[in-house]
Structures are given as C-alpha cells and as structure tokens.
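Work out the full structure, taking the sequences as your base and the hints as a guide.
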Amino acid sequence: MSAEDSRHGPNVPVSMTRFDEVYTRPDPRSYFVALGPLGYQTPHHAQSVFRRLLPFAGASDDRKHPTDHETEAVVLDICCSYGINAALLNHHVTWEELHERYTSPSVARMTTEELVESDRRYYAARRREDAVCVVGLDIAAPALAYARAVGLLAAGFAENLETGAPSPALYRATRGVRLVTVTGGASFLSARTFKSLLAGRLDPPWVAAFVLRTGSYGAIAEGLGRFGLTTQEYTCRTYPQRRFTDADEQRGAVAAVHAAGNDPRGKETDGCFHTALHLSRPAAHAAAHPLRALLHDG
Numbered sequence: 000m001s002a003e004d005s006r007h008g009p010n011v012p013v014s015m016t017r018f019d020e021v022y023t024r025p026d027p028r029s030y031f032v033a034l035g036p037l038g039y040q041t042p043h044h045a046q047s048v049f050r051r052l053l054p055f056a057g058a059s060d061d062r063k064h065p066t067d068h069e070t071e072a073v074v075l076d077i078c079c080s081y082g083i084n085a086a087l088l089n090h091h092v093t094w095e096e097l098h099e100r101y102t103s104p105s106v107a108r109m110t111t112e113e114l115v116e117s118d119r120r121y122y123a124a125r126r127r128e129d130a131v132c133v134v135g136l137d138i139a140a141p142a143l144a145y146a147r148a149v150g151l152l153a154a155g156f157a158e159n160l161e162t163g164a165p166s167p168a169l170y171r172a173t174r175g176v177r178l179v180t181v182t183g184g185a186s187f188l189s190a191r192t193f194k195s196l197l198a199g200r201l202d203p204p205w206v207a208a209f210v211l212r213t214g215s216y217g218a219i220a221e222g223l224g225r226f227g228l229t230t231q232e233y234t235c236r237t238y239p240q241r242r243f244t245d246a247d248e249q250r251g252a253v254a255a256v257h258a259a260g261n262d263p264r265g266k267e268t269d270g271c272f273h274t275a276l277h278l279s280r281p282a283a284h285a286a287a288h289p290l291r292a293l294l295h296d297g
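Residue numbering for the sequence shown follows numbering that gives the first Met the number 0, starting at 0 and increasing by one per position.
Hints are supplied without guarantee of correctness; some may be wrong.
Said to hold, decoys possible - Below, computed lysine to any residue pairings styled on SDA-like, alpha-carbon distance capped at 20 Å:
1. Lys194 to Ile138
2. Lys266 to Ala285
3. Lys266 to Gly38
4. Lys194 to Leu169
5. Lys266 to Ser215
6. Lys194 to Ala282
7. Lys266 to Gly227
8. Lys266 to Thr234
9. Lys194 to Arg225
10. Lys194 to Ala157
11. Lys266 to Asp247
12. Lys194 to Gly222
13. Lys194 to Thr230
14. Lys266 to Val253
15. Lys266 to Ala246
16. Lys194 to Gly227
17. Lys194 to Gln231
18. Lys266 to Thr230
19. Lys266 to Glu232
20. Lys266 to Thr244
21. Lys194 to Glu161
22. Lys266 to Leu37
23. Lys194 to Glu221
24. Lys266 to Thr16
25. Lys194 to Gly175
26. Lys266 to Phe243
27. Lys194 to Ala218
28. Lys194 to Thr162
29. Lys194 to Glu158
30. Lys194 to Ser166
Unchecked claim - Derived Cβ-Cβ restraints for the label pairs, each shown as a range:
31. Arg225 to Thr162: 18 to 26 Å
32. Ala292 to Thr244: 34 to 42 Å
33. Glu128 to Ala164: 31 to 39 Å
Simulated from the structure, these hints should not be mistaken for lab results. Cβ atoms here follow ideal geometry from the backbone N, Cα and C, with glycine treated the same way.
As structure tokens, then:
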C-alpha cells in the first residue's frame, strides 16, 4: 500500500516528493515516521469503503444479496507494501492507532525480530470475526516479507506485472479473488498489470482504486472494460491523501489537476493531495446498484 507518490509513473507530476526508501526497510516504522507528519490518510478512508464493497464484490449479475456467495472471499491488494490495508480491513484497529504504535518510543527500541513477534500477538488479539483472506502484490520484497511474517497477508508476491506475466503461483493464489484494491499505486500502474491478472478468468473481480486527481484513470478503466467491467468514479466526495511537502509540490499538483480536467479549488488549493474512488464492476450490477447506495450515501 504505497503512498502513491513514492514512485514515478506516467500520471505522476515530476515535482512530487518521493518516498522510495520507506519501502525498502524490514518493518513499517520508517513508513509511519515519514508519512505521519504529512497527515497521510488514504488507508483510513479505504478501510470503511472496502468493507462495504466486499460483501457484494464478485457476485454474478443475477444475485441479489451479498450472502449468495458460495466461497470464501479473497482480496488482492496491489501495491500492498507492509500490509496496512489488510491490517485495517481484518482487525479492530484504526490508522491513528497504527501510527501511534509504530512511532512510539517503546516500539522504536525494538529490533525488527522483536517487532515481528510483538506484531503477531498484537494483530492476533485484534482479529475480526469477518476477516478475509488477503493476498499482496508489490515490488518491495522487504515490505512483503514483513506483512507475511506478522500474518497480515495469506500470500505475498514481489512481482512487477508492468514488465512481466504473473508467476503460476501468483495466478493460482488469486484464482478466488473477488475484490482488487489499490490505495497508492494507480499513478504508476497501467492496464498491463490488470490484463495479466484477469486474462482467462470467467468471472473477473471488482477493482476498487483510490486515484490521485493529478492524473487520469482512463487507460486502466478502458483496459478493465475489455474484461466486462465498467468503471464509475464516485463523485459525491474526494478523499484527502496527504499534505504537500512544499509550495513547489502544491503548484505542480494544482497544475496537474487542472490538466486532468478537475477543479482544485477547496481541495489541492487548500494544501492536500486528493484522491477519487473508482470502482470497476459488471455493467449490469452497476446499473442496478448505484455506487452511492453501496457506500450508504443514498
């Protein structure tokens, strides 16, 4: 679950601050230390959204209720890094609690091995009864290793589907995926990643992505459309991502938002990057079940 602005991609303004180094550490302490002061909060917003969408995700168009599912739900979190989305989805914890934990003096004194053991107990004690299987995909192997070690991910794969096909193991592990989640990688992903994952599947999963307003999601949406998924942008609100690191970053973001055809007033002009939720699902389901109804907004 990268911070969106940590790696360059075709839709990322060149003036954005990069945080590449926080994903190469053996545990998430540097991640929270670097992003916490900037008010990074996308996982907080995603926590409730994903939980609301998951019971419906992957249902056939003729199914009326989320309880019609016959198999255990599986979530694929793309750009999962340290498994923070899985932590929030499957445990009785909040983003604020995780930030407080990983920046506390007591945790700062731990070795990585001690933190892994502590985190195993921490998450096991807070596991939700409705927890689901989460598979992680990220190019950051150290972050994946941590998420696997503490039990946040059922499986993790350090593979780059922008440059190569998924391994047989990854393809098998994602066979039962109902919901694909992205909270911090859409800017450097393309339709190639999703094509590799969805090719040959009879019932493609839903895809829920929080996308920075500084770029376009159009190419990915078009690619998903070839698998029978229609993409809708949730227009009722946007979601603050983090504060800008400096005036240059803000100017670049405002210009990029204008170039993307969006209005930065009251959002990027007020000091924060904002994301928009894009949901891809079968057209019949999208027509029958408005997005705002799924999110309990109407």
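Beta-carbon spacing of Ala292 to Thr244 - inside the hinted bounds 34 to 42 Å or not: Since the Cβ atoms of Ala292 and Thr244 sit about 38 Å apart, the hinted range of 34 to 42 Å holds.
Could you grab the alpha-carbon distance between Lys194 and Thr230 and see if it respects the 20 Å cut-off? 15 Å, holds
Given hint Ala157 paired with Lys194 - CA-CA distance at most 20 Å: 18 Å, holds
20 Å limit on alpha-carbon distance, applied to hinted pair Lys266 and Thr230: Violated, because 23 Å separates the two Cα atoms, which is more than 20 Å.
Lys266 and Ala285: Cα distance at most 20 Å? 28 Å, violated
Given hint Phe243 paired with Lys266 - CA-CA distance at most 20 Å: 12 Å, holds
Between Lys266 and Leu37, is the straight-line Cα distance small enough, at 20 Å or below? This hinted pair holds, its Cα atoms lying about 15 Å apart.
Starting from Lys266, check that the Cα of Ala246 is at most 20 Å away, please. 15 Å, holds
Given the hinted pair Lys266 and Thr234, is their alpha-carbon gap at most 20 Å? 14 Å, holds
Are Lys266 and Glu232 close enough, with their CA atoms no more than 20 Å apart? 17 Å, holds
Pairwise hint evaluation, Ser166 against Lys194, where the allowed Cα distance is 20 Å at most: 14 Å, holds
Between Lys194 and Ile138, is the straight-line Cα distance small enough, at 20 Å or below? 17 Å, holds
Consistency with the previously given hints fails for numbers 2, 7, 18, ordered from lowest to highest.
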